[in-house]
Every structure is written in structure tokens, then in C-alpha cells.
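Can you make the complete structure from the sequences, with help from the hints?
Numbered per this note's numbering, the sequence shown finishes at 184, counting up by one with no gaps.
Treat the hints with caution; some may be incorrect.
Below, computed lysine-lysine pairings styled on BS3-like, alpha-carbon distance capped at 30 angstroms [what the hints assert, rightly or not]: (1) Lys162 <-> Lys92; (2) Lys92 <-> Lys155; (3) Lys167 <-> Lys92; (4) Lys167 <-> Lys155.
No lab work stands behind these hints: they were computed from the structure.
A quick note: this is a predicted structure, and the numbers were derived from the prediction, not measured.
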Amino acid sequence: MAKKKKKIVIARKGVDMDMTPMIDIVFLLIVFFMVVTELTVQQAEVILPVASEATVEEPQPGSRILFVNVSFDSEGKEVIQLMNGPAMTTEQLTLALRQEAEAYGLYEDNPANPDPRARLSRIEVTIRCDQGAESGNIHKIFGACSKARIYKVRCAAIGERLEDPYNPE
Numbered sequence: 016m017a018k019k020k021k022k023i024v025i026a027r028k029g030v031d032m033d034m035t036p037m038i039d040i041v042f043l044l045i046v047f048f049m050v051v052t053e054l055t056v057q058q059a060e061v062i063l064p065v066a067s068e069a070t071v072e073e074p075q076p077g078s079r080i081l082f083v084n085v086s087f088d089s090e091g092k093e094v095i096q097l098m099n100g101p102a103m104t105t106e107q108l109t110l111a112l113r114q115e116a117e118a119y120g121l122y123e124d125n126p127a128n129p130d131p132r133a134r135l136s137r138i139e140v141t142i143r144c145d146q147g148a149e150s151g152n153i154h155k156i157f158g159a160c161s162k163a164r165i166y167k168v169r170c171a172a173i174g175e176r177l178e179d180p181y182n183p184e
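Dropping the structure here:
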């Protein structure tokens, strides 16, 4: 007698698709759009003062840079703006800086990083003050940054200017 062959039955289930690569792509797109929106225009039209010793400093990786602009409106009145937003007083600037610092996690107790000074160094404020503005506003902005516990502050300037926009010759 001949032996009967055993019939092998393969049960086919529905085709499963691995969603991991698609989720990775979605997260990469989210990160991409977050970075692109961060690079939108955040600076007002300001004529920066000339400083012969001005240097360019690269920001630290992972740092948050906030721009405070001091410029003039159409009536010639000095205006303080955070990130090219609406005009504000120094008290409003202090509150806005505190909100930015809270959003960045400056005031939170982080068990992974208990040292708040490490978080302090990752928030930077760049003051872009028009060369015709009074220096008292810069001191007020420094005070607002200090009240918001943001201590890494720099003033923007340019190294050389070919012509003076206030005194064209």
C-alpha cells in the first residue's frame, strides 16, 4: 500500500502592514514643520548701531532664542516688541518673557535635569535696538529679563556701516 501524503494547509490571514515607518514619517513631518515655522520672520526693521568689535556668535544647539526689538512707529515713538509681535510695555514684556520661559520648562522641576542653571543657559534673549533709540530702554529690557530669570542676554550690532541712514551724504 502506498502511503498517503499529508496535505499541508497554510491558513492565509489578511495582509498586515507595519505602521512603524509611517508613524516615523509623520513625526518627521511634524518636526520639520515646527522648525520651518520657527524660522519665520521674527525681526522688525531696525537700524542696528555700529560696533567695531561686533562678533557673530552661533547659538547653542537646543537653545531657544527670543528677539526683543526696539524700533520706532510711524509717529516716531519708541516701540518694544517681542518676536515682532505687538507693541508692549516693559511690564508686559516681563510677563511675556516669563510665559516663554515657562513654555520652555525653565521653572519646572525636572528629575532628569535637577539643575535649573542648565536650563537657564538654553534660553537666550537678543536685543535689537535701533541706533536712534534711548539707552534707557535697553536697561529696562535687561531688568525684564532678570525678573523673568533669563540671564543670557545679548545686544545686536553690526561691525561696519557704509552709510549713516540718519545722515545721508
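Hint check results:
no.: 1; hint: Lys162 <-> Lys92; in the structure: holds, 25 angstroms
no.: 2; hint: Lys92 <-> Lys155; in the structure: holds, 16 angstroms
no.: 3; hint: Lys167 <-> Lys92; in the structure: holds, 28 angstroms
no.: 4; hint: Lys167 <-> Lys155; in the structure: holds, 15 angstroms
Every hint, counting from the list given before, is met by this structure.
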